[in-house]
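J.: Take these sequences, add in the hints, and give me the full structure.
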Amino acid sequence: GAGVSQSPSNKVTEKGKDVELRCDPISGHTALYWYRQRLGQGLEFLIYFQGNSAPDKSGLPSDRFSAERTGESVSTLTIQRTQQEDSAVYLCASSPGLRQETQYFGPGTRLLVL
Amino acid sequence: GIQVEQSPPDLILQEGANSTLRCNFSDSVNNLQWFHQNPWGQLINLFYIPSGTKQNGRLSATTVATERYSLLYISSSQTTDSGVYFCAGFFQGAQKLVFGQGTRLTINP
Chain U
1 GAGVSQSPSN
11 KVTEKGKDVE
21 LRCDPISGHT
31 ALYWYRQRLG
41 QGLEFLIYFQ
51 GNSAPDKSGL
61 PSDRFSAERT
71 GESVSTLTIQ
81 RTQQEDSAVY
91 LCASSPGLRQ
101 ETQYFGPGTR
111 LLVL
Chain B
1 GIQVEQSPPD
11 LILQEGANST
21 LRCNFSDSVN
31 NLQWFHQNPW
41 GQLINLFYIP
51 SGTKQNGRLS
61 ATTVATERYS
71 LLYISSSQTT
81 DSGVYFCAGF
91 FQGAQKLVFG
101 QGTRLTINP
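Protein sequences appear in the order of chains U and B.
Numbering of the first sequence is given in my numbering, commencing with residue 1 and proceeding in unit increments.
Numbering of the second sequence is given in my numbering, commencing with residue 1 and proceeding in unit increments.
The hints are simulated quantities; they were obtained by calculation from the structure and are not laboratory data.
In silico SDA-like cross-links for lysine to any residue, where the CA-CA straight-line distance does not exceed 20 angstroms:
(1) Lys17/U - Leu114/U
(2) Lys15/U - Arg64/U
(3) Lys96/B - Pro107/U
(4) Lys54/B - Tyr104/U
Computed Cβ-Cβ distance ranges for the label pairs, DEER-style:
(5) Asn18/B - Ser66/U: 44 to 52 angstroms
(6) Gly57/B - Gly28/U: 26 to 34 angstroms
(7) Thr53/B - Glu101/U: 14 to 22 angstroms
(8) Ile12/B - Gly51/U: 43 to 51 angstroms
(9) Lys17/U - Val64/B: 44 to 52 angstroms
(10) Pro39/B - Gln83/U: 21 to 29 angstroms
(11) Gln80/U - Arg58/B: 41 to 49 angstroms
In this text, a Cβ means the ideal position worked out from N, Cα and C, and glycines have one as well.
T.: Structure below.
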């Protein structure tokens with residue numbers, strides 16, 4: 001079946017603008033995650049959704065970052081008033097359920113803030 | 001302190017060589033996984049290996065949970081093995097993965 005998809009693939013924006021990044025998880029996966037990867041670095045956890053439970057937002061770096069998920073499907077990550085340090089690849093992952101199990105990653109959105 | 005630490009940071013080998021990548025992890029991390037990030041940025045699952053040994057073709061991995069380390073072995077390297085290898089574990093019973101900084105592997109023809 002189809003894997004995790006993300007859009008757009010690339011986004012260039014000006015400092016101070018808002019951006020929205022989209023993630024479509026694997027069908028049937030109830031858990032969805034957002035991570036950020038700065039150039040040459042490992043991935044940093046941002047936020048985790050599981051079904052209708054309250055999301056784990058403990059990794060969001062500032063109140064400019066927010067995310068929503070509609071049921072067990074699409075998620076959007078919004079960055080308001082973008083800063084140059086927000087430039088990174090934003091990766092989305094999904095997994096089947098509640099257990100600590102393998103996460104499957106999308107191709108990422110490359111964000112460049114000028 | 002550092003929760004997931006990988007070594008070496010960079011590794012350059014000739015095609016056909018074998019390699020061992022290491023991942024040390026703290027008490028707060030468990031259920032190790034290994035990923036390969038190809039040159040196009042796609043993360044590919046290699047192993048989910050909380051403990052023991054698994055093999056998949058030329059790749060194998062061993063995790064010794066009691067000693068808090070995991071090893072990834074690549075035998076008879078090919079140029080397509082190039083990329084960055086990450087290990088990651090779940091943090092303190094939560095669902096979030098904590099990643100190491102990666103090992104950048106370059107296989108020259």
